[in-house]
Every structure is written in structure tokens, then in C-alpha cells.
Amino acid sequence: MTELLALIVAKYNFWLYIILMMIGLYAMIAKNNLMKKLVGMNIFQTAIILFYVSIGYKHGATLPIIQGDHGGHGTHGAVIHAAEYINPLPHVLMLTAIVVSVATFGVAMALCVRVYRRYQTLEEDELRIRLSEK
Amino acid sequence: MLHVKNPGTRIIPGNEFEHMDREWVPSDRIIKTVCRILIPFIQIYALYVVAHGDFSPGGGFQGGVIFGSSLILMAISYNLKTLMKRVTEKFLSIFAATGVLIYVGLGVLAMIMGGRFLDYSMLAPLVPWDPGHIRALGMLGVEIGVGIAVMAVMVIIYVNIVSEGRHDEGL
Amino acid sequence: MKFLGFVIVCLTGGLLLYGTMDLPDWGDPASPASTHLSDYYIEHIMEETRVPNLVTAVLADYRGYDTMFETAVVFCAGLACFLLLRDFRPKKTGISAIFPRV
Chain A
593 MTELLALIVA KYNFWLYIIL MMIGLYAMIA KNNLMKKLVG MNIFQTAIIL
643 FYVSIGYKHG ATLPIIQGDH GGHGTHGAVI HAAEYINPLP HVLMLTAIVV
693 SVATFGVAMA LCVRVYRRYQ TLEEDELRIR LSEK
Chain B
552 MLHVKNPGTR IIPGNEFEHM DREWVPSDRI IKTVCRILIP FIQIYALYVV
602 AHGDFSPGGG FQGGVIFGSS LILMAISYNL KTLMKRVTEK FLSIFAATGV
652 LIYVGLGVLA MIMGGRFLDY SMLAPLVPWD PGHIRALGML GVEIGVGIAV
702 MAVMVIIYVN IVSEGRHDEG L
Chain C
9 MKFLGFVIVC LTGGLLLYGT MDLPDWGDPA SPASTHLSDY YIEHIMEETR
59 VPNLVTAVLA DYRGYDTMFE TAVVFCAGLA CFLLLRDFRP KKTGISAIFP
109 RV
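Residue numbers (this note's numbering), protein chains in the order written: chain A, 593 to 726; chain B, 552 to 722; chain C, 9 to 110.
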């Protein structure tokens, strides 16, 4: 019982992110509207971003900004221990990933606007009928 | 079928904002006033976020997005013409390219000064201050470039999508 | 299609849930992600760059190329939106303004 509890405490956030990711994947597969597919794609990306950020966490550590002597003139005071600050690398990667996700979402919406302008619909089955007519 | 909000005024084509759909409602006076007061503070905050990216949470991406969202707020609270009168398309295009060029230019400048690409410590003879902080200054310049590019691209994406590329009326 | 999608999603989710069993515990300071490179960054950034914000230092200095092409990607996204959507035709008046073009 205590083993199960320890497992849940150690892994529950990964499970939550996987559930979120599967919600996004289901929206991408099963939804009929192109905009809803895009929203599913964004949910998927958000789950991955949360997963990466939670990988960088350490217990008992603070956010990755060095405390204390900000002037940095000469030798700084206390020696810096790596265990005191959380891992900055996932944050860097996800910062760029967020910006790229916004940019790709913008391009995808522009494509949706073009599709709607030409075929007057965003539903996938109607689009398929319109495409087979031509 | 042509529905004009105020039949008393004479419409000058191409000069004033014409609304063709009957669902359009002019923005409330409260919304306009609050946004007009709020937008400068949002922009100052965005500049703070960019400038203090070295010492506190922040940076070019975040500050650029905040600045772009303040311009988008102007477009939402008034209308799109109000934004496009102040921030023209030419301005946005030039800024989006300028941001990338600032970044690349700093890297090339480091190469000209004898270092490797984006090696900020080679820029030390260019600034008269303490050369120990030259890497922080180089990062600040790079972040300013990123912020300008992201700000311009956010507004470009919003304006093009919301008006279907005609830049006349939209959300 | 909806049922098939649900089955695929459940299978993928189950596989990923099984995969989390091998991941390190949440917040473990000795996990592989936070032992090799990030220790170097945290301990040496202050003397190498004198920038207290580790995220900015890694983003703009150590990973300068990454961020540069990231900015280029954002610029290209704006350019793609412009090229896909911009419509320079003048606004039509008369009957075609009431009935929008197809």
C-alpha cells in the first residue's frame, strides 16, 4: 500500500500530462472541424511543454536566478551549488517551443482562412466532397 | 440590404470605417476609456520585461509578446483602422526584419572584431564601461532584437487573420 | 472513425503510462536530466557571463544559434501569414460588396 502511494506521489503529474496529451490526440483524430483539430494540436503541445518543465524540477530548489551578489564585481561571495537551483535547460527549450507553437498556430489559422475562402467550409467530410467534385 | 448604423451621417467612401454586417456593435465607452488608460502601462511593462531579462524573469520573447498584445488590445477595443493608422504595415514589416537583422548583426559584428560568431566578449572595445559586463550587454542587444521581431510578427499575424488580409475591417 | 480513434488513443495512452514507470521520480535531484550539463551551467554561468538569470544566459549566449534561428522561424511565420492572406485588391463597392465574392 505504501509502495503504491509512493508511486502515485512520484509519478502523478506525468500521468496527468499523458491524459492531457491523449485529449489533444483524440481531438486531432476524431474531430471533424479543422479549427477543432488545431485546438487539439495546441492541447497536445501544452502537455509536452508541461512535461518538460516538470522534468526540470528538483525538490528543495528555487527558480533558476542566482541569488545575492548581482553586481558580479570580482569574486562573488558564496559558492553556487547545483542542487539549490532547478534545471534551466528545459525552461530554455520550452520557451522557444512556446513561441514556435504560437507561430505555427498562426500559419495554420491562415491556411484555414484560405481553405474557408475557397470552399466555404471547414468540415472535413464536406471538404472531401468538394474536392472530389472538381 | 445595406445596413448603415447611423443613417444621418453621409458616408465618404474610403475615408471612414464602414460596417456592412448588422451584428457589429460599436465598442462601449467604458471599454475604450479603460483600454486607452491601460495600453501605455502595458507597453511600459513590456519594455521593463525586455530590459530586465538579465536579472529577473523575462526576456525578448516575453516582452515582445506583451508589447504585441497591447497593440492587439488597441485593435480590439477600438477597431482595426485605428491600429493600422498608427502602426502601418510598412512599419511592421520593417520592424520584423530589423529584429532578425539586429540579432545577426551582433553576431557578424563579433566576427568583424576578431572573434567567433555571436561571441559577445569580442565587443568589449566598443563600450566604454566595465568590460566584465560585456556579455550581459550583448545578450541585452540580442533580446531587444528578438523582442522587436516577435512584437511585429504577432501584430502581422493578428491583423492578417482577423481581416482576411484586407486590413480594412475585422474583429 | 470516432470509436477507432478512441481505441488508438487508449492504446497510446496505456503505452505511455507504462513508459512512465521507468522515468525518474518527480523532483529527484539525481535524475539524468539534471545531472550532466545543467550542473555545469548553474555553477559556471556567474563567472563566465555574469548574468544571474540562468534561462536568459543559456538562451542568448550558450544557445545563441538556436535562438537566432528561432527568431528566423518566427519571422518566416509572419511572412507566411502575409503571403497567404494579404489581399491588395481594392474594396469593392456596389452590389459585390453586399454579396461577397466566392
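Because the hints were derived from the structure by calculation, they are not lab data. By construction, the Cβ of each residue, glycine as well, lies at the ideal position given by its N, Cα and C atoms. Incorrect hints may appear among the rest.
What the hints assert, rightly or not - BS3-like mimics (lysine-lysine), calculated; alpha carbons at most 25 Å apart, straight line:
hint, chain 1, residue 1, chain 2, residue 2
1, A, Lys603, C, Lys10
2, A, Lys629, C, Lys10
3, A, Lys628, C, Lys10
Claimed, not checked - Residues of chain A clear of chain C, computed beta-carbon distances all greater than 12 Å:
hint, residue
4, Leu617
5, His673
6, Leu723
To be verified - Simulated restraints, written as ranges between beta carbons of each label pair:
hint, chain 1, residue 1, chain 2, residue 2, range
7, A, Gln712, C, Phe96, 38 to 48 Å
8, A, Glu725, B, Val659, 46 to 56 Å
9, B, Ser578, A, Val692, 29 to 39 Å
10, A, Arg709, C, Met9, 54 to 64 Å
11, C, Cys18, B, Ile595, 24 to 34 Å
12, B, Val659, C, Glu51, 27 to 37 Å
Verification of the hints:
1. For the proposed pair A:Lys603 and C:Lys10, the alpha carbon gap of about 30 Å is over 25 Å, so the pair is violated.
2. Taken as a hint, the A:Lys629 and C:Lys10 pair is honoured in the structure, with Cα atoms around 13 Å apart against an allowance of 25 Å.
3. Taking the CA atoms of A:Lys628 and C:Lys10, the gap is near 14 Å; set against the 25 Å cutoff, the hint holds.
4. For A:Leu617, the condition that its CB be more than 12 Å from all CB atoms of chain C is violated, with the nearest at approximately 5 Å.
5. Distance check on A:His673: its Cβ comes as close as 8 Å (rounded) to a Cβ of chain C, failing to clear the 12 Å threshold; non-interface status is violated.
6. No Cβ of chain C comes within 12 Å of the Cβ of A:Leu723; the nearest lies about 16 Å off, and the non-interface call holds.
7. Distance hint for A:Gln712 and C:Phe96: a CB-CB separation of about 22 Å, inconsistent with the stated range 38 to 48 Å.
8. Our hint of 46 to 56 Å for A:Glu725 and B:Val659 holds, since their Cβ atoms are close to 53 Å apart.
9. One distance hint, 29 to 39 Å for the beta-carbon pair B:Ser578 and A:Val692, holds here, with the actual separation near 33 Å.
10. Distance hint for A:Arg709 and C:Met9: a CB-CB separation of about 27 Å, inconsistent with the stated range 54 to 64 Å.
11. Checked against the given bound of 24 to 34 Å, the beta carbons of C:Cys18 and B:Ile595, roughly 50 Å apart, lie outside it.
12. Range check, B:Val659 to C:Glu51: about 31 Å between beta-carbon atoms, so the 27 to 37 Å window is met.
Of the hints listed earlier, those the structure fails to meet are numbers 1, 4, 5, 7, 10, 11, in rising order.
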